[in-house]
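4 protein chains.
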Amino acid sequence: MSIAVFRFEMSGPGDCSALLRILKAIDVETVSRVAIIAKTEGPATVNDFGRALAMQAIRAALGQAGVTAPAQVILSMGCEGIISPGGYCLVDSRDAAAGIDGLAMGMASSEPMTPADLVNDQHIEATRATVERAIEDAGIAVDQVAVVFAKSPLLTHAMAVGLSAEQQRRANRSSSARAAAALGIGLALGEIDANLACSAAIDESPALYSHRAMVFSGTETDRVEIIVLGNRGSGPKPVRSGLFADLIDLDGMARIVAGNVTDPIGAVRRMTSNDAIAAVFMKAGFASDGKMRGNRTTVFASDLEPDKHMRAVASGVIGALLGDTRMFVSGGAEHQAPAGGGVLAVIFNNPVHHD
Amino acid sequence: MSIAVFRFEMSGPGDCSALLRILKAIDVETVSRVAIIAKTEGPATVNDFGRALAMQAIRAALGQAGVTAPAQVILSMGCEGIISPGGYCLVDSRDAAAGIDGLAMGMASSEPMTPADLVNDQHIEATRATVERAIEDAGIAVDQVAVVFAKSPLLTHAMAVGLSAEQQRRANRSSSARAAAALGIGLALGEIDANLACSAAIDESPALYSHRAMVFSGTETDRVEIIVLGNRGSGPKPVRSGLFADLIDLDGMARIVAGNVTDPIGAVRRMTSNDAIAAVFMKAGFASDGKMRGNRTTVFASDLEPDKHMRAVASGVIGALLGDTRMFVSGGAEHQAPAGGGVLAVIFNNPVHHD
Amino acid sequence: MSIAVFRFEMSGPGDCSALLRILKAIDVETVSRVAIIAKTEGPATVNDFGRALAMQAIRAALGQAGVTAPAQVILSMGCEGIISPGGYCLVDSRDAAAGIDGLAMGMASSEPMTPADLVNDQHIEATRATVERAIEDAGIAVDQVAVVFAKSPLLTHAMAVGLSAEQQRRANRSSSARAAAALGIGLALGEIDANLACSAAIDESPALYSHRAMVFSGTETDRVEIIVLGNRGSGPKPVRSGLFADLIDLDGMARIVAGNVTDPIGAVRRMTSNDAIAAVFMKAGFASDGKMRGNRTTVFASDLEPDKHMRAVASGVIGALLGDTRMFVSGGAEHQAPAGGGVLAVIFNNPVHHD
Amino acid sequence: MSIAVFRFEMSGPGDCSALLRILKAIDVETVSRVAIIAKTEGPATVNDFGRALAMQAIRAALGQAGVTAPAQVILSMGCEGIISPGGYCLVDSRDAAAGIDGLAMGMASSEPMTPADLVNDQHIEATRATVERAIEDAGIAVDQVAVVFAKSPLLTHAMAVGLSAEQQRRANRSSSARAAAALGIGLALGEIDANLACSAAIDESPALYSHRAMVFSGTETDRVEIIVLGNRGSGPKPVRSGLFADLIDLDGMARIVAGNVTDPIGAVRRMTSNDAIAAVFMKAGFASDGKMRGNRTTVFASDLEPDKHMRAVASGVIGALLGDTRMFVSGGAEHQAPAGGGVLAVIFNNPVHHD
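Chains as they are written, first to last, in this note's numbering: chain A, 1 to 355; chain B, 1 to 355; chain C, 1 to 355; chain D, 1 to 355.
Looking at chain A on its own, in the form it has when it is part of the complex (with noise of 0.2 Å):
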């Protein structure tokens, strides 16, 4: 195993050429897996189908280059504030020159799962089964987790006639799909307790979550797949991972890619010039009262949905730090991170020991 990360920009949804031409550079008999996770641009409305497009092109890209082996796609939609849209291609291959050193990579998906497994304890434990398959996959222990990207089904309005009350309350939000497989990976990573991971947790207690998630959801998926990130060996470590306070928690997001250094920001800098980093992936959340550090904000009081205003505020904060816009910035952390916090996860290119 040896994982390779590639980004690829993207002039409008139906344009993967970019993503093309980095596939057919590599040599894909030699590719074992793909990832791809990207942004997707678009007004990320109800009829939105840039999603669908995307999906396409994507797709007819891996089929033109060749590319046989199984590969999971995680798109996320709207690229407000200065997201450039695009995303990264994680190829693992048997050439071990490619890869970075050290960075391991593992998938897994559920069984195909029906309206009455959805929002409730079974989501929680088909995430948490698939997550620790996953990461037997990825070849690593628990603790070498970095990062579980999840995606989920959501559960419609039109698939929970005749479920519980607690589902059909539960169902058309996101929010409650991503909270259940949220609560999954807490479980399967050991940092939320087996008794408090339950079904009654959905929505409700935001005090539980884990540290190292990041889940998305849509109809598109009746399964859960997952794609783990995470550190082989003892070297320096390929990708990290870390909770953040609010989204304007420069420090904190500093830290996380630098480590706990004198001079977080700083040190950033010198390895953003030295071209160190690889790839970037946040989930942003907001506390739900809208303030933030105790002023009133319109994030949930105006005509733009909330995750736009939280897209385009971290992909600002975030950019600032990193003098980048090629980020993957993607909105919703129930569960994922403390309330109004967020989770950023970075991959280096040559990781450095640096705590």
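Rather than coming from a laboratory, the hints here were simulated on the basis of the structure. Keep in mind that a hint or two might mislead.
A pair counts as met if it fits within one copy or between any two copies, since identical chains are not told apart.
[Said to hold, decoys possible] Listed below are the simulated EDC-like cross-link pairs for lysine to aspartate or glutamate, each with C-alpha atoms no more than 20 Å apart in a straight line:
#, residue 1, residue 2
1, Lys24, Asp121
2, Lys24, Glu9
3, Lys291, Asp324
4, Lys291, Asp143
5, Lys291, Glu191
6, Lys24, Asp222
7, Lys291, Glu9
8, Lys291, Asp15
9, Lys291, Asp307
10, Lys24, Asp95
A quick note: this is a predicted structure, and the numbers were derived from the prediction, not measured.
Once you've looked at the hints, dock chains B, C and D against the given chain A.
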């Protein structure tokens, strides 16, 4: 002259209760002038009537508090991102104890302007002359001016009927109105060559810019209205301003606030923890090709108005720098900064030398 | 009692100059009550402050005209399509010559309601009792009532804390607030069985509906406010109402206006060319599956709020029928019409028998 | 030549399953040409990628069905109001039994056009010449033409660099592109004087208009593409078109459908109950002052694009007339109808004489 600076929060465009409390706490008999510069929340669409509601509420608060001194009001729409709706009230009074040492304020308005006088040489010239009168009113020299706020009339399509082709092309364009006023400010401040600051430069010569201008335009006024802030005497400067290179130029912004020190971000941190900052004003621009440091963004290619992206991003960056969301951030920096850059101005509670 | 009906146009939510001219032209000494029912333009988003501006302007116009009689105001947001912003002013005066023969108006308000009294049996009961008082106030019998306008409090999430699960589920839902009030009206008018018009029916029993209700909800009131219009005596009816089957039920709408004649559309044409119509009110609903006569629409599956689609469509249909855009059209007909249908009410200047 | 007309519904822009079923049911060997004219749902913003998805799906359906004959596709974005997403497929085949008696169709495309050839005399002339070729292709005389559909290139700001001031002013304006093509159609049909149909008239002379044009513009093509529909022979006319005065001109629309009969609305009712109508196309305009029959609307003064208001209103009116929502409605009738008016065209299944 003694200028005091107050911050007030608003729970909605019609809520000036906090402003009223401030006004009631001062001895209005001693007040000679008031300036109010505020952000109003709302969709910032053509049918956003929050500005009218806010203007009524501000005028009502001034009336209720018995303020009879002249008052100039600048309202900017849009609190996207984490901008806390609210504003600053600057009060010029004979009560020397109330004010910030060394802070100077001047005001002036042009005569009413006819449509024929807009977005052309006359517009530039009227602004220049009004700025000069405001500087004189402030009792400072040109090189003591820190920032010039200007509100300019907007030439609408209806007003442009029968005017020159150039004016018709510039009709309904806030950017053109701001450009004309900014050129006039640059002229008054000796920053732009008088031969170049002419109608032909409007929208065309981004290399011509003032270094200390923040310009707004709207149909609610038929005159150029100017507020000048500056530093009197030779003591530490209570108001500082400067240009930053782009919206993620965190170090540039930090140096404007903290001066040219070794670790400007760290210096800003120390200032904010000492509650040193009384007011923050930002004018944000974006490169017209929609790129940030070479990479594509969707700022000019999405369902959101470009200003919404810009305000949200700027609020994140300045919020992360200062650890605070109570700020004035507005978009549109035509001839107020180099292409893609912007202006930042800060008033300090207890100014110290820090250059 | 003599009820005069005036139409006024608005150039923006803050413009009540036309209303003021009407009020100034009447002898306010003779006025005992005023009802104002108007459409306010604006984005109809959570941060649309046009309603507050319009309410201020209406109250200011009443004050400037010296109207001291009680005034009830119903403002509905959104003039999508071809709805002309503006409204109707109904004036009850002792000046018999001013009014429309036989037109009756009654008003009543409930006591202030606590959150615990909302979207449940108490809400229904309070509405029933208030409607009965308003009918009594109008001095007519139940079967003489043509239309009941109701403004109801809205239970917000914040208000619902600690209340029943049922109430929490109905919190922030205008539809639930409207449903409760509509059931109460149906009860008062003897249209809905007292055993069925209970909390359990709210949002659940579309087959229960009043035939003469138009209900609005908002956070600006804590009481149920009722305006009843009806026909006094045995002469021709000055106000008529009825239900139509769906938004394109042109013949159904025509029959409500013209009566059960052979060529209802032709009859409406003759009425409008004689300037016979004084006021038009419509409440529009849409089938919850988003289908119209068996075919899919995007009313519930687009970037636009469903109400925006509905108001625009309704404005086209009623505009085409009447050849006029000065109308009151509002969305949300829960328990006010069969599923997918709506209510239309018309006041005539010179009523004639036409049944 | 025998032209068959099929209607297909779409559950989303990427769903052409109904179109595929139609194509699979015909003998593709006999097909010589295909025209597809469809409405695509979506926000119709600059970042609405539904059109690209729909175009892919249509091309894929044609491919899957083995259609190798030339196919022209016109996609119009936006299904506001009650427009059912879907379209019409017109198939020209040698299978005479399949087609509608007397219906003629012609197609032609210009050579690729350079930016210098757009929104000026050359644009008008290229359209005229292409329309003439399409009429010839249809095998009918000019006075047998019922409607000319045109898709025109759009001159973007980027393309206009270095071109004439006139072209730069018209850059990025769909209305100018549509205007140029409409003038060319009017010229080809002998409806506009050759001396008047010139560049100077574009956007300036609303009194010049074709009576049988429906024009669309977009960046997806660099040529003028024409589809002509008309009536062959002297039998009853299978396709009729006409102009209506404004969006609520119900009688005018009815007369276009039913002919100049005593009770046109009643006549339309009888036609629709007999399933007589195969296809409905509408181009809707609005008076540039935003007024409808003397009263103000918010069509040009709201958060919604004017076209969204117009499409929704038009869908209501035509839906009410026909009792059906399966229609093609598009906005922008520059030089295609008098100011404020529009074009309606209808294809009948079993044409009868009705003039």
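Each hint, compared with the structure:
1. In this assembly of identical chains, Lys24 and Asp121 lie within 20 Å of each other by CA distance neither inside one copy nor across copies; the values are 43 Å within and 46 Å between.
2. Taking the shortest alpha-carbon separations for Lys24 and Glu9, only the intra-copy value of 16 Å comes in at or below 20 Å, while the best inter-copy value is 39 Å.
3. Proximity of Lys291 and Asp324 under a CA criterion of 20 Å is satisfied inter-copy only: 11 Å between copies versus 27 Å inside one chain copy.
4. Proximity of Lys291 and Asp143 under a CA criterion of 20 Å is satisfied in neither setting, with 34 Å inside one chain copy and 40 Å between copies.
5. Within a single copy, Lys291 and Glu191 get their C-alpha atoms no closer than 27 Å, and across copies no closer than 41 Å, so neither meets the 20 Å cut-off.
6. Taking identical chains as interchangeable, the C-alpha atoms of Lys24 and Asp222 are never at most 20 Å apart, the minima being 31 Å within one chain and 31 Å between chains.
7. Proximity of Lys291 and Glu9 under a CA criterion of 20 Å is satisfied inter-copy only: 13 Å between copies versus 34 Å inside one chain copy.
8. Taking CA atoms no more than 20 Å apart as the test, Lys291 paired with Asp15 passes between copies only; the shortest distance there is 18 Å, against 38 Å inside one copy.
9. Taking the shortest alpha-carbon separations for Lys291 and Asp307, only the intra-copy value of 15 Å comes in at or below 20 Å, while the best inter-copy value is 22 Å.
10. Taking the shortest Cα distances, Lys24 and Asp95 sit within 20 Å of each other inside one copy (15 Å), while across copies they are farther apart (47 Å).
Comparing the model with each earlier hint shows violations of hints 1, 4, 5 and 6; every other hint is respected.
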